[in-house]
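Visitor: Top line first, the protein sequences correspond to chains Z and D.
Going by the working numbering, the residue at position 78 of the first sequence is 78; the numbering climbs one at a time, nothing skipped.
Going by the working numbering, the residue at position 75 of the second sequence is 75; the numbering climbs one at a time, nothing skipped.
The hints are simulated quantities; they were obtained by calculation from the structure and are not laboratory data.
Please note that the accuracy of each hint is not assured.
Claimed, not checked - With beta-carbon atoms standing in for the labels, derived distance ranges: (1) Z/Ala-60 x D/Gln-82: 20 to 26 Å; (2) D/Pro-54 x Z/Asp-30: 28 to 34 Å; (3) D/Ala-49 x Z/Leu-62: 31 to 37 Å; (4) Z/Gln-56 x D/Ile-81: 39 to 45 Å; (5) D/Pro-102 x Z/Ala-15: 23 to 29 Å; (6) D/Asp-100 x Z/Ala-52: 18 to 24 Å; (7) Z/Ala-60 x D/Ala-49: 21 to 27 Å; (8) Z/Pro-48 x D/Ala-92: 16 to 22 Å.
Since the model is a prediction, treat every value here as computed from it, not as a measurement.
Beta carbons: idealized from backbone N, C-alpha and C, even for Gly.
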Amino acid sequence: MSILDLLSKAGLAVAELREFILRAAALSPDLSDQANALVKALDAATSPEQLAIVGQAILAELGDIGRGKLDGRSHPSDAA
Amino acid sequence: MEQMKKDFWLMTCIIVILAAALFYLTVPKLAHADPVIRTFAGVNGIWIADDARPADFELGANAAASLSPHVSAVGALYYGIQHSYVRGSVGARFTVTDVDNPNFSIGLGGSYNASTEPAIRPEEWCLDAAVGWRPWVQQPRITLIALGQYGTKTSEASYIAGARYTLQLP
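Next comes chain Z alone, as it looks inside the complex (with noise of 0.2 Å):
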């Protein structure tokens, strides 16, 4: 599989959660105000230029993992 083709699919991947949380909103109106601001904050941070900002700081902190130089964080999603 090509770089593309991961990059394609991983494009995938966001746009599958995308539309599962609007289906899931979709069930409550309640829901919907959280469900569209956690869609907004998909679409930002997934935008082409977002990622390549992250991109390139994750190219560095691979160089500091592989250098022992650890400095961990709490992150949420990491517990999907």
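Since the structure of chain Z is provided, determine the placement of chain D on it from the hints.
Guide: Only chain D this time, still in chain Z's reference frame:
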């Protein structure tokens, strides 16, 4: 044969969990730093493709090792209640939102998924998109999650929505 397969998976998961705990307790740098390895008890509903009804409900656990601000290693072990399967996954996750926000994050990555019932939960590499949210300040151990996965072998999407309770390691 089926029982042997289930026993193998159960032993493998127990070994992985014990190894992670031993690693955390014996590596001084990690033991005295902010917790790198976190474990969670969890409950999920799981949906396959476009089905409106959940395919199953799951009970289990997750573990995550945050190695750098954006890079984490993640794993999961769950039991499907209705279809009596055990599934496990191991992979990497990259946080694409504010890394210093402990209450909300979005992560993208990939994982290898395996199970005792491949017909129900296929064994394949998946691309992952995950959301985590701690909505209640007074209950910081409770996290709501959603995970979208796209199977690279089956080209099938699946979704998990659930809750996690952070387990505190000593």
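Visitor: So, for every hint listed, does it hold in this structure?
Guide: Outcome of the hint check:
1. Z/Ala-60 x D/Gln-82: 20 to 26 Å: Violated: the Cβ-Cβ distance is about 45 Å, outside 20 to 26 Å.
2. D/Pro-54 x Z/Asp-30: 28 to 34 Å: violated (20 Å)
3. D/Ala-49 x Z/Leu-62: 31 to 37 Å: For D/Ala-49 and Z/Leu-62 the Cβ distance comes to about 34 Å; the hint holds.
4. Z/Gln-56 x D/Ile-81: 39 to 45 Å: Check passed, 43 Å falls within 39 to 45 Å.
5. D/Pro-102 x Z/Ala-15: 23 to 29 Å: Holds: the Cβ-Cβ distance is about 27 Å, inside 23 to 29 Å.
6. D/Asp-100 x Z/Ala-52: 18 to 24 Å: The hinted range 18 to 24 Å holds for D/Asp-100 and Z/Ala-52, with Cβ atoms some 20 Å apart.
7. Z/Ala-60 x D/Ala-49: 21 to 27 Å: violated (38 Å)
8. Z/Pro-48 x D/Ala-92: 16 to 22 Å: Roughly 21 Å apart at Cβ, these two residues keep to the hinted range, so it holds.
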